[in-house]
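Asker: Single-letter residue listing:
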Amino acid sequence: MKNLLFKEIRLCIPFQAWMFAAFSMFVMIPSWPSLVAFVYPLAGFMTLFPIALANRDILYTSILPIKKTDVVKGKVMLVCFLQLASVVWSIPFGIVKALVLAPSMPVDQTYPELGVNFATYGFVLIVFAVFNIIFLPWYYKKPDGRHSAAQLTAMFVAMGVMGVISALFMAVPGWAEFINDFSNTTSQIVQFSILGVGIIIFLLFAYLCCLWGGKRFKRVNL
Amino acid sequence: MSNTILEVNNITKIYPTFKLDDVSFTASEGRIVGFIGRNGAGKTTTMKAIYGLLELDSGSIIFDGKTVKKDEQSIKNEIGLLFGGIDYYPNQKIKVLTSVTKRFYENWDEELYRKWLKYFELDEEKKIKELSNGMKVKYGLAVALSHGAKLLILDEPTSGLDPVSRDEVLDCFMKIAKNKGATILFSTHVISDLEKCADDIVYIQKGKIVKACSSREFKEGYLKIEGDPTKLSPLEKDKIGHYREHDGKFSGTIPSEYKTTFEGFTLSESSLEDIMLYIERGVEDEESPF
Chain D
1 MKNLLFKEIR LCIPFQAWMF AAFSMFVMIP SWPSLVAFVY PLAGFMTLFP
51 IALANRDILY TSILPIKKTD VVKGKVMLVC FLQLASVVWS IPFGIVKALV
101 LAPSMPVDQT YPELGVNFAT YGFVLIVFAV FNIIFLPWYY KKPDGRHSAA
151 QLTAMFVAMG VMGVISALFM AVPGWAEFIN DFSNTTSQIV QFSILGVGII
201 IFLLFAYLCC LWGGKRFKRV NL
Chain F
223 MSNTILEVNN ITKIYPTFKL DDVSFTASEG RIVGFIGRNG AGKTTTMKAI
273 YGLLELDSGS IIFDGKTVKK DEQSIKNEIG LLFGGIDYYP NQKIKVLTSV
323 TKRFYENWDE ELYRKWLKYF ELDEEKKIKE LSNGMKVKYG LAVALSHGAK
373 LLILDEPTSG LDPVSRDEVL DCFMKIAKNK GATILFSTHV ISDLEKCADD
423 IVYIQKGKIV KACSSREFKE GYLKIEGDPT KLSPLEKDKI GHYREHDGKF
473 SGTIPSEYKT TFEGFTLSES SLEDIMLYIE RGVEDEESPF
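These protein sequence lines map, in sequence, to chains D and F. Position one of the first sequence corresponds to residue 1 (this note's numbering), numbered consecutively onward. Position one of the second sequence corresponds to residue 223 (this note's numbering), numbered consecutively onward.
Among the hints, erroneous ones may be present.
With a straight-line Cα cutoff of 25 Å, these simulated DSS-like cross-link-like pairs (lysine-lysine) come out [said to hold, decoys possible]:
{"hint": "1", "chain 1": "D", "residue 1": "Lys-67", "chain 2": "F", "residue 2": "Lys-292"}
{"hint": "2", "chain 1": "D", "residue 1": "Lys-141", "chain 2": "F", "residue 2": "Lys-288"}
{"hint": "3", "chain 1": "F", "residue 1": "Lys-317", "chain 2": "D", "residue 2": "Lys-2"}
{"hint": "4", "chain 1": "D", "residue 1": "Lys-141", "chain 2": "F", "residue 2": "Lys-292"}
{"hint": "5", "chain 1": "F", "residue 1": "Lys-461", "chain 2": "F", "residue 2": "Lys-446"}
{"hint": "6", "chain 1": "F", "residue 1": "Lys-315", "chain 2": "D", "residue 2": "Lys-2"}
{"hint": "7", "chain 1": "D", "residue 1": "Lys-2", "chain 2": "D", "residue 2": "Lys-215"}
{"hint": "8", "chain 1": "F", "residue 1": "Lys-241", "chain 2": "D", "residue 2": "Lys-218"}
{"hint": "9", "chain 1": "D", "residue 1": "Lys-142", "chain 2": "F", "residue 2": "Lys-241"}
{"hint": "10", "chain 1": "D", "residue 1": "Lys-215", "chain 2": "F", "residue 2": "Lys-291"}
{"hint": "11", "chain 1": "F", "residue 1": "Lys-291", "chain 2": "D", "residue 2": "Lys-218"}
{"hint": "12", "chain 1": "D", "residue 1": "Lys-218", "chain 2": "F", "residue 2": "Lys-292"}
{"hint": "13", "chain 1": "F", "residue 1": "Lys-372", "chain 2": "D", "residue 2": "Lys-215"}
{"hint": "14", "chain 1": "F", "residue 1": "Lys-292", "chain 2": "F", "residue 2": "Lys-372"}
{"hint": "15", "chain 1": "D", "residue 1": "Lys-2", "chain 2": "F", "residue 2": "Lys-291"}
{"hint": "16", "chain 1": "F", "residue 1": "Lys-324", "chain 2": "D", "residue 2": "Lys-2"}
{"hint": "17", "chain 1": "D", "residue 1": "Lys-67", "chain 2": "F", "residue 2": "Lys-372"}
{"hint": "18", "chain 1": "F", "residue 1": "Lys-337", "chain 2": "F", "residue 2": "Lys-400"}
{"hint": "19", "chain 1": "D", "residue 1": "Lys-215", "chain 2": "F", "residue 2": "Lys-461"}
{"hint": "20", "chain 1": "F", "residue 1": "Lys-324", "chain 2": "D", "residue 2": "Lys-67"}
{"hint": "21", "chain 1": "D", "residue 1": "Lys-142", "chain 2": "F", "residue 2": "Lys-349"}
{"hint": "22", "chain 1": "F", "residue 1": "Lys-292", "chain 2": "D", "residue 2": "Lys-2"}
{"hint": "23", "chain 1": "F", "residue 1": "Lys-288", "chain 2": "D", "residue 2": "Lys-215"}
{"hint": "24", "chain 1": "D", "residue 1": "Lys-67", "chain 2": "F", "residue 2": "Lys-291"}
{"hint": "25", "chain 1": "D", "residue 1": "Lys-218", "chain 2": "F", "residue 2": "Lys-288"}
{"hint": "26", "chain 1": "F", "residue 1": "Lys-288", "chain 2": "D", "residue 2": "Lys-67"}
{"hint": "27", "chain 1": "F", "residue 1": "Lys-471", "chain 2": "F", "residue 2": "Lys-453"}
{"hint": "28", "chain 1": "F", "residue 1": "Lys-446", "chain 2": "D", "residue 2": "Lys-141"}
In case anyone wonders, no lab produced these hints; they're calculated from the structure.
Just chain D, same shape as in the assembly (with noise of 0.2 Å):
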């Protein structure tokens, strides 16, 4: 497990990838939808997998002295890495955004926002869980052809998750106000609940992304 997460971040992950990961502290831009910043490390995806592919990593991988499905479990944990990567890096910018930027600015009644707080990393969890759900499993059908609908899909569907989240912030009158009020202790609960159900579907999608994954690769012919 640990040598296997070693050899992805040492050999797998481009420049690229840790770029499109850092776009995660667009979350601190004023007025902007915090979710959105969230869709680049996904983007980062989309230079990985075909990289890994003229590297020859799955040949390689497979090889090694490991099990065939914990090339799948390579994979998985790597993407939740860059995926979590992106979270952490994107907090102080958020707690910027939070205490800072966001109560120096008017509050915007038309599309009140759901701004930064520990319900948007519960959502931010969500929509990474859909996106792996959809792509990885996909992908290891057959992980040596095109791989761009997986890709684009898994895209799209979890840009679309993202999209409802936050027009129904919008939509529902009271709802941006009430999750943005850390004083208040019921909002605080929601926030934690929210986040404690994104963790838990991350890491319950995570787990099924090996299952599934493995199970199609390992009826791959290398």
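We have chain D; now place chain F onto it with these hints.
Answerer: The following block gives chain F in isolation, referenced to the frame of chain D:
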């Protein structure tokens, strides 16, 4: 007789345009097994199957008493696999790729690895893409030989090597088999390599094993024949494979059982290359459009 370390039992794999058909053979400890056949005969497919890279339709593979299905990880730890030369991660340096690879092997011997690097004159600071084909093979061998593998599966390990490097590598094979007791299963198109070091031969043709036996037994099955073509009857000529006439003399290959039929001609030991040509061209003639 040494112990059997690898048993390939009736493995079948069906592709839309190719079938690996009921392939069976064994390899014993400390033996060098030459795996031969034409391009597309099924050598690489068989090697991949042994390492568990393919899902078989039927059959089983037993390595050192363990099955690939149940003990995949432990078996991979004891097998060194090399397809041609290393060509993964061309932009990475040798030292980076090794630093990652070695973490996975339980029996990695760093000292031995350093010795192989020195022996093969490999510079760790070089990137994979900067290596010649021969160097890529040598690097692959250095890795495969440094984790105490009991079985080395090498697909075309000598292709792209100059004669001196090839000889060095073959010399290595013999020393590894003799001194370390490792078994080597290697495929090659350079038949002279097999003449130098193969103890056993496994011959595959169109996905089926034609013969799997010791190199000596394999060679004893055929004879080289030469003589005056005017003394050959048409019936006799039909029995000669890979028949050639040159300078008023003919040459060809016959199965040893025809020895008495051709008593008046010069009969000598056949080379592996002649035998391969006899087996392959014989089949080709049967299906020839001419």
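Asker: Are the Cα positions of Lys-288(F) and Lys-215(D) separated by 25 Å at most?
Answerer: With Cα atoms ~22 Å apart, Lys-288(F) and Lys-215(D) stay inside 25 Å; holds.
Asker: Are Lys-215(D) and Lys-291(F) close enough, with their CA atoms no more than 25 Å apart?
Answerer: With a Cα-Cα distance of about 14 Å, the restraint between Lys-215(D) and Lys-291(F) holds, given a limit of 25 Å.
Asker: Checking one constraint from the list: CA of Lys-317(F) to CA of Lys-2(D), max 25 Å. Satisfied?
Answerer: Holds: Lys-317(F) and Lys-2(D) sit about 19 Å apart, inside 25 Å.
Asker: Does the structure keep Lys-67(D) and Lys-291(F) at a Cα separation of 25 Å or less?
Answerer: Roughly 10 Å between the alpha carbons, so the hint for Lys-67(D) and Lys-291(F) holds.
Asker: Just to be careful, I want the Cα atoms of Lys-2(D) and Lys-215(D) compared with a cutoff of 25 Å; is the pair within it?
Answerer: OK: Lys-2(D) and Lys-215(D) at ~22 Å, within 25 Å.
Asker: Take the C-alpha atoms of Lys-141(D) and Lys-292(F), compute the straight-line distance between them, and say whether it is at most 25 Å.
Answerer: Roughly 23 Å between the alpha carbons, so the hint for Lys-141(D) and Lys-292(F) holds.
Asker: Given the hint that Lys-288(F) pairs with Lys-67(D), does the C-alpha gap stay at or below 25 Å?
Answerer: Judged against 25 Å, a Cα distance of about 15 Å means the pair holds.
Asker: Assess, step by step, whether the Cα of Lys-337(F) is no farther than 25 Å from the Cα of Lys-400(F), and give holds or violated.
Answerer: holds (18 Å)
Asker: Checking one constraint from the list: CA of Lys-324(F) to CA of Lys-67(D), max 25 Å. Satisfied?
Answerer: holds (16 Å)
Asker: Take a quick look at whether Lys-471(F) and Lys-453(F) sit within 25 Å of each other, Cα to Cα.
Answerer: holds (10 Å)
Asker: Given the hinted pair Lys-142(D) and Lys-349(F), is their Cα-Cα distance within 25 Å?
Answerer: violated (29 Å)
Asker: Can the restraint linking Lys-461(F) and Lys-446(F) be considered satisfied, given a maximum Cα separation of 25 Å?
Answerer: holds (12 Å)
Consistency with the previously given hints fails for numbers 2, 13, 19, 21, 28, ordered from lowest to highest.
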